[in-house]
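J.: Here is how the chains run, residue by residue.
There are 2 protein chains.
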Amino acid sequence: MNSSIQHYTPAEIRALCRNGAFSGQTAGLADGHVQANLMILPAADAFDFLLFCQRNPKPCPLVEVLEPGCFSPSCTQDGDLRSDVPGYCVYRSGVLTEQLEDVRALWRDDLVSFILGCSFSFENALMREGIALRHIEQRKNVAMYKTILACHSAGRMKGNMVVSMRPIKATDVARAVQITGRYPRVHGAPVHIGFPQRLGIADLSKPDFGDAVSLMDDELPVFWACGVTPQYVAELSKLPFCITHSPGKMLVTDLKNEEFV
Amino acid sequence: MNSSIQHYTPAEIRALCRNGAFSGQTAGLADGHVQANLMILPAADAFDFLLFCQRNPKPCPLVEVLEPGCFSPSCTQDGDLRSDVPGYCVYRSGVLTEQLEDVRALWRDDLVSFILGCSFSFENALMREGIALRHIEQRKNVAMYKTILACHSAGRMKGNMVVSMRPIKATDVARAVQITGRYPRVHGAPVHIGFPQRLGIADLSKPDFGDAVSLMDDELPVFWACGVTPQYVAELSKLPFCITHSPGKMLVTDLKNEEFV
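Chains as they are written, first to last, in our numbering: chain A, 110 to 370; chain B, 110 to 370.
Take the hints with a grain of salt, since some may be wrong.
If you want a taste of the chain A side facing chain B, the calculated C-beta under 10 Å gives, among others [as the list claims (entries may be wrong)]: (1) Ala130; (2) Phe156; (3) Cys162; (4) Gln163; (5) Leu171; (6) Glu173; (7) Val174; (8) Glu176; (9) Pro177; (10) Asp218; (11) Val221; (12) Ala259; (13) Ala263.
List time: in silico BS3-like cross-link candidates among lysine-lysine, alpha-carbon distance up to 27 Å [stated by the list, open to error]: (14) B:Lys167 <-> B:Lys347; (15) B:Lys365 <-> B:Lys167; (16) B:Lys315 <-> B:Lys365; (17) B:Lys167 <-> A:Lys167; (18) A:Lys167 <-> B:Lys365; (19) B:Lys278 <-> B:Lys315; (20) A:Lys249 <-> A:Lys278; (21) B:Lys167 <-> B:Lys278; (22) B:Lys167 <-> A:Lys365.
Here chain A is said to cover these stretches of chain B; the calculated rule only asks that three of the stretch's residues, wherever they fall, bring their Cβ under 8 Å from a Cβ of chain A [what the hints assert, rightly or not]: (23) 145-158; (24) 165-176.
Calculated directly from the structure, the hints in this document are not laboratory data. Glycine included, every Cβ here is placed at the ideal spot set by N, Cα and C.
Only chain A is shown next, with the shape it has when bound in the complex (with noise of 0.2 Å):
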């Protein structure tokens, strides 16, 4: 089955995750879809966070905002936000304690989700403009790092703000930054270009997630916000309990990329 799911369409992906047969990365998968990022929390911790989200538009993208105890998004035909990600993970006062593949048994009336843009809307529209992505090409996962940038804080959330970097041809530099200013609904232009020190990042070559990949001479390391920020806020915040998608294993929405240009 993997070898086709290639070619799959949103809803069948989804329909693979609830029914347990789909639990992989989503990376490369429903071509030209929109995939997102997932927080979901209680009510109580939901006004902190929309406005976290609301203040650092560029790590915490809106997408889609439920309504307490909703989990059918209307950037999904049908779709159920407790089962249909490939993979789930629990926070309990700031600690990951499961990682689940449906959260259906954990689901209560007073949970909020947050639906959230992904780096992946902005990466097929470099890749159509002929700037190629280092770990696209070797099949890993992007690289990420958690810098000295703080977040701008609301309520109880506070925290840094996590970068994604990739390496940059100098010649394409310019052009990566018009083409992804584009997409301010899915991170937008980049954050930094050139000094990892400036972020705090003292060695490129040790993530603190994701996959190392290397920088050649001609290159420049840009760096992107990334929609890993909340969860890594959410740790730090130490909130009581939240739910996000795995890293990798994103929300497949039907939303078309071009959509959000």
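Assemble chain B onto chain A, guided by the hints.
T.: Chain B alone, transformed into the frame defined by chain A:
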């Protein structure tokens, strides 16, 4: 004093309001600075309202949201939202019960303040580029209309969009769209051009708020999402309690219009 107030800084205007020395309309004051709509409501309704703004960014473009109990926004130096607006409206269960020049006596630790963009910013830009605005030439308030365009509801917040209408010469309409489209944080591009009936507006000469202006033969009526929408929706939704600015009596911030492009 009113003859010289035109040249006062935002901080000076806010100080006059705070001392009870000014309670008038703010159109044309503090040239080049962002003026803003204000909505203050209890924390119990704040998530619904924030979600409503997130789902309806054209009528409800957020500039800043404060933590519960806070009244000093970062868009003003030493500002106090309880006294620095020339006039306030207090609504109880959706009914306008008081019009005040100071709401310090009503302040509660659970009140959350929302500061929203206002069309004054893009009006400046239009005029700077040579597009005349009749209501300003005639020193009137802009004409505003309730429409049949439903906003996306959020929790208990439900209602239709209010729009403002400006007659624009047909030859200038495309440019007016481009200019205002550069200001998504202050309502952005028009929501409709040409047919008031399509919005459910039977008679342009009878606006629901503000003053009517005439439409010339070579002009089209151009409609923008309006910052009165949240007030109207709060009324319709019968929110237990909220405080807003009085129409036309805006919060004058220290932000520059150019920062909003």
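J.: Next, verify each hint and record whether it holds.
T.: Evaluation of the provided hints:
1. Ala130: violated, 34 Å
2. Phe156: holds, 4 Å
3. Cys162: holds, 8 Å
4. Gln163: At about 6 Å, which falls below the 10 Å cut-off, the nearest Cβ of chain B leaves the hint on Gln163 of chain A intact, so it holds.
5. Leu171: holds, 6 Å
6. Glu173: holds, 9 Å
7. Val174: holds, 6 Å
8. Glu176: holds, 6 Å
9. Pro177: holds, 8 Å
10. Asp218: violated, 14 Å
11. Val221: holds, 8 Å
12. Ala259: This interface hint is violated because 15 Å lies over the 10 Å limit.
13. Ala263: holds, 7 Å
14. B:Lys167 <-> B:Lys347: holds, 22 Å
15. B:Lys365 <-> B:Lys167: holds, 20 Å
16. B:Lys315 <-> B:Lys365: Given pair Lys315 of chain B, Lys365 of chain B is violated - Cα atoms ~34 Å apart, limit 27 Å.
17. B:Lys167 <-> A:Lys167: Cα-Cα ~19 Å, so holds.
18. A:Lys167 <-> B:Lys365: holds, 22 Å
19. B:Lys278 <-> B:Lys315: holds, 21 Å
20. A:Lys249 <-> A:Lys278: holds, 19 Å
21. B:Lys167 <-> B:Lys278: holds, 23 Å
22. B:Lys167 <-> A:Lys365: Satisfied, since the Cα-Cα distance of roughly 22 Å is no more than 27 Å.
23. 145-158: It holds, with 3 qualifying residues against the three required.
24. 165-176: holds (count 3)
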